[in-house]
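Residue numbers (the numbering used here), protein chains in the order written: chain A, 1 to 700; chain B, 1 to 204; chain C, 1 to 282.
Don't read these hints as lab results, they were simulated from the structure. One should not assume that every hint holds.
In the DSS-like style, the derived pairs of lysine-lysine whose C-alpha atoms are separated by at most 25 Å in a straight line are [as the list claims (entries may be wrong)]:
| hint | chain 1 | residue 1 | chain 2 | residue 2 |
| --- | --- | --- | --- | --- |
| 1 | A | K230 | B | K126 |
| 2 | B | K126 | B | K23 |
| 3 | B | K23 | A | K230 |
| 4 | A | K585 | C | K108 |
| 5 | A | K388 | A | K230 |
| 6 | A | K388 | C | K69 |
Stretch-level coverage of chain A by chain C, calculated; a stretch enters the list once three of its residues show a Cβ under 8 Å from a Cβ in chain C [to be verified]:
| hint | region |
| --- | --- |
| 7 | 324 to 337 |
| 8 | 360 to 366 |
| 9 | 412 to 425 |
Estimated spans, in silico, between C-beta atoms of each pair [what the hints assert, rightly or not]:
| hint | chain 1 | residue 1 | chain 2 | residue 2 | range |
| --- | --- | --- | --- | --- | --- |
| 10 | B | A152 | A | D591 | 44 to 54 Å |
| 11 | A | A644 | B | W29 | 43 to 53 Å |
| 12 | B | F26 | A | A658 | 32 to 42 Å |
| 13 | B | G40 | C | T230 | 35 to 45 Å |
Remember, predicted model here, so these are calculated numbers, not experimental data. Where is the CB? At the ideal position from N, CA and C, for every residue including glycine.
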Amino acid sequence: MSDILLGRLDASALPWHELAIAKTGLEVISGIVGLTAALLAVLGALLVAAALTWWRLWGPLWRDWLTSLDHKKIGIMYVVLAFVMLARAVSEAGVMRLQQALGLGGGGIVTPDHFGQLFSTHGTIMIFFVAMPFITGLINYVMPLQIGARDVSFPLLNSVSLGLTAAGAALMMVSLVLQPFSTGGWSGYPPFTEAAFNPGAGPDYWIWAVTLSSLGSTLTGINFTVTLYKERCEGMHLMRMPMFCWTSLCTAILMIFAMPPLTVATGLLALDRYLGFHIFTNDGGGNMMMFANLFWLFGHPEVYILILPAFGVWNEVFSTFSGKGLFGYRALVMATMCIAILSFTVWVHHFFTMGQSADLNAIFGIATMAIGIPTGVKIYDWMLTMYKGRVRISVPMVYGIGFLFLFVLGGTTGVILANPSIDYQVHNTLFLVAHFHNMVIPGTLFGMIAGYTLWFPKAFGFRLNDRWGYRAAGLWIAGFLLAFFPLYILGLMGMPRRMVAYFEGAWLPWTLIALTGGALIGLALLCLAVQLTVSLRDRAALAVPVGDPWDGRSLEWALPAPVPAWNFPVLPVVEGRDSFMELKKNGDHLDRPRDGFADILLPRPSMVGPVIGAAGLVAGFALTWHIWWLTVLTLAVIVGAMVARGFVRDTEYTVPAAEVEARWNAWRALADASPRIRRRDEQRPANRGHAFPAAQEGEA
Amino acid sequence: MNRRHPGLNLGEAHDSANDDAEKEVFGFWVFMMSDAILFGLLFATYVVLQGNLNGGPGPAELFEMPSVLIQTVLLLTSSLTAGLAQLAMKHELGTRRIVLWLLISLGLGLAFLTMEMRDFLTMTSKGGVPQASGFLSAFFALVPLHGLHVAATCLWLLALLGQIARYGTDDATKTAMLRLGILWHFLDVVWIGIFTIVYVGGLA
Amino acid sequence: MIRISLLVSGLWALSGCGLDMGLFSPAGPVAEAQRMHLWIVCALMLLVVIPIFVTIPFLLWRYRYRDGKNHASYRPDWEASWRWEVMLWSGPLVVTAALGWFLWTYTKALDPYRPLSEAPLQVQVVSYDWKWLFIYPDLGVASVDRLVLPAGQAVTLSLTSRTVMQSMLIPELAGQIYLMNGMTTHLNLSADHPGQWTGRNTQYNGDGFHRQTFRAEAMAPSDFARWAETAANAPPLDQPALAALEERGRDPDLPDTFGQVPPHLFHDLAGTATHAHHGGGQ
């Protein structure tokens, strides 16, 4: 009976099971580590629930956030999700660093199986539930504002995407409590993840968490692409879009093309595991090499899905804080397109060592190197943006400078790895681990944090504390250097990735250095938390209600901060690139809309997104534990929600022109009362978000 | 600027509806593109694995061409009738006519599904189960997924008929019909691929 | 170019600190060439990296914001220049072309499937969870977790896995290659001089992954011949021994050397698929 009710879920899934059956000292410690993590997750959830109850926020949370179809709120929720998951995945990295520092001779604090789960969850979370939500959130918030749109093309679909992504992330959190997770790494290669070798629930958690995220991202890609093609305001030609929109467009297109291979790979693996198919199995005529091809057909474009939006942020950062237009706009557009296209032609470089011909490897190696050309051009264009500018070392710029130096080094090791002959040596070693962290931390993560710092005032109406921002940035850069450069050395010394313990004394000093780097990164994360707290406390002094704290160039800076639900009181008409900068230079940026105000239609909140998300989470859970009745039930709920939505006709509400006008008048009065400030006052309370163009400072 | 969507008859006064139709249909085309990649990769998997019979039954023992041909005719005819439903909508031939053609399409789709299911059962009885070989695994990953798409489209069609019953042919049902039509024709194209690569290719 | 790479490697040697392993200390022609290729790539990339590293601090200092007190030229609207653009694209293009030429040459020359001499010694490698079986088909002997080689002689390894995907790496001798069940891959290598190195699996395969090492041991040809003679008298590699190898972990009673290896054993092991593990535990 309990089999029917609970599937294969039993007491051995409980978080204290590892501790209960522990025999050796190591197993006891490992059990305690696992139990602590589970308790932290449960405690965190309970605390949030208690806080929501205490302050009676359940209603507002549901009405104003979870069911909201406003792209800005959805974007913010994505970023919150990314930060929560970042905290977990960084903690896991800390445990792994500590384990490797203690692992000489076989000791440490976690068992091999526990270590396997740690690197699998760490990678899966960082890619699918930190990087992806972060870029999706940032694009969601910024891109519609930059192209002068009211919202994305499909606001409901946006909410559904968020629901699916959050469901995948929640499934990851559940796997911390009802264990175990997969030990197959973030790439989940069969046959190791096949039922024959890993019959437990672990790989199934991985399959469904990743599948939920991949479905969400496919829909996001469609949504962003259509938005960028169909929602641009009048005059916003493609070649007038801010670079961030271009990188968003390329990312969105990559999502449409690259996510289906992942869905196919995980779906086929599920058929193998659940129904005894022989797609990737050892026996029965399966072919494990198909998985490697499918996975990396997704996996390589994914790298560019992650990096391109960060490039977009860097474009905004370098040009804004150099007080100068972006150098080489056309070249940058072309370089972005080149990278997007080339990203589909290089997937074999993830498995040069699978035994294919040298010719094939050489071709894919050269294609890989070719990506270095447009990427190099981007670096040069950013340098020329600073050239003959007036560079202000703001917090995003510190990340930007760190990015330039570190990314060039990471690119160098990437070129090294692109050579099949050298890759035979360093593939699957810590050299590779160091390389991709070198791309995604200084590239993507620094970019995302820089973007968060840049656009935070836009979203919440006040700047983030600079002092704690500088501390966090410095610690991130130093921590990264210490944590990952030793891994290059270890890789060249022949240390494979994913080792719980080792027997080479020469490796120890480097793992110790890496551990200190990990500690600094932990402190950096702490600084970000302090920064947020301090900024909240001082929000009155940091307020920038007029909305242009950095002397920005694109349309989002023309709006008050925080931005009203309808974005633009009247949809703008654009006459060139950097159109807001032009208005500012002429002093026309506060002008009343020429044709007055009109009623605005906005999408009504809908519970379809959160319902599908919740049902997706339960479905993933039920599938993982073979609870079939629940699977059928939740799938029925999802289909039912979609059918029911089809019958809803009243999907929009009207904001009366009077309300829009009143809000505009209030903003105008505020702007008139706030003096325009020069860049030297950028980080002072005098900065109320009313900027005087840096380019005109000399004349004033 | 003439924003009227060519496939619809939304009337001059429905400017925002025309805009929405444009956006939704374009979005649906993009969605089809990602779905096409999904099928493309399953075709690729099938091509890689089709030789791996693992001592199990092969195409010659399992495929029944007459039945597959009838399925093909059913599906292609349903595409025609779905197209006629759209023409009935575009030329305002009345809700009754639209519903009639949609019902015929639905019937043909269900007949296709019934025959396909029967074929699968015949294959299974001859030992052609997905667990038998890489070839059969790839077959059952690809062909039933198409069937599942057809089934889902039939469900959508039913829901749409429900909407027409409730609201008549309003702007929303009209654009929905347009998108449904795209999916219906798309599944035809996928079927042509299955017919050529899986069935004809398997027996050649 | 070669001089630069020698200089770099000399610096490495000077700095010392335990870097005398892995690719830092090659012991065969393949690893030697791989390291040379690495230094060439590093040197070429330095041509790109150094100018960037010098220029960025200069730009930051020269064009820093000083509230109107910086008198360096300021051109906020300077956003495009064809002359610069051509230079920006052609620089990386030239470097990539050079790198590509080396890539092509080295990849062809170091193709793991290309034998290093006309009649290399044949060794067959079978990976299990979490151990290695090395079969010498021409000598009729086999060993577990110990790869014995004659120094100075070319060796061709043929590899398969009896379990999940694995990857074999002896960094001092050659790069790695995957081992996959039901399939055979190849790797050619050679050791310059007698010595001992650690070989590993680099593709994660469960709890015993970190312990799945083996000793690669190059001997003088005469020593190798003596070893082969002794090995021929070891216990036979029969069905019970093969069954014991299929078990996860290492049975302490299992001999580490076998004589009387059946001919075609590797062919049989590589040709049949493994469904699942027999037994469990470490």
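- Message: Does K230 of chain A sit within 25 Å of K23 of chain B, going by the straight-line distance between their CA atoms?
- Response: Given pair K23 of chain B, K230 of chain A holds - Cα atoms ~7 Å apart, limit 25 Å.
- Query: Within 25 Å, alpha carbon to alpha carbon, are K230 of chain A and K126 of chain B?
  - Reply: It is violated: about 53 Å lies between the C-alpha atoms, which goes past 25 Å.
- Query: Within 32 to 42 Å or not, the Cβ separation of F26 of chain B and A658 of chain A?
  - Reply: At 34 Å between Cβs, range holds.
- Taking a Cβ-Cβ distance under 8 Å as contact, does the region 412 to 425 of chain A have three or more residues in contact with chain C? Coverage by chain C holds here, the residue count being 11 at a Cβ distance below 8 Å.
- Item | Distance restraint between K388 of chain A and K230 of chain A, which requires alpha-carbon spacing of 25 Å or less | 37 Å, violated
- Query: Are 3 or more residues of the region 324 to 337 of chain A near chain C, judged by a Cβ distance of less than 8 Å?
  - Reply: It holds: at least three residues are needed, and the region 324 to 337 of chain A offers 8 whose Cβ sits within less than 8 Å of chain C.
- Confirm or reject the claim that A644 of chain A and W29 of chain B have a C-beta distance inside 43 to 53 Å. For A644 of chain A and W29 of chain B the Cβ distance comes to about 25 Å; the hint is violated.
- K388 of chain A and K69 of chain C: Cα distance at most 25 Å? Holds, at roughly 14 Å.
- Given the hint that K585 of chain A pairs with K108 of chain C, test it: the Cα-Cα distance must not exceed 25 Å. With a Cα-Cα distance of about 59 Å, the restraint between K585 of chain A and K108 of chain C is violated, given a limit of 25 Å.
- Task: Apply the coverage criterion to the region 360 to 366 of chain A and chain C: a residue qualifies when its Cβ sits closer than 8 Å to a Cβ of the chain, and three qualifying residues are needed.
- Result: holds (count 4)
- Regarding A152 of chain B and D591 of chain A, is the given constraint of 44 to 54 Å on their beta-carbon distance met? The hint (44 to 54 Å, Cβ to Cβ) holds, given that A152 of chain B and D591 of chain A are roughly 51 Å apart.
- Item | T230 of chain C and G40 of chain B - C-beta distance against the hinted 35 to 45 Å | 58 Å, violated
In summary, the numbered hints that this structure violates are 1, 2, 4, 5, 11 and 13.
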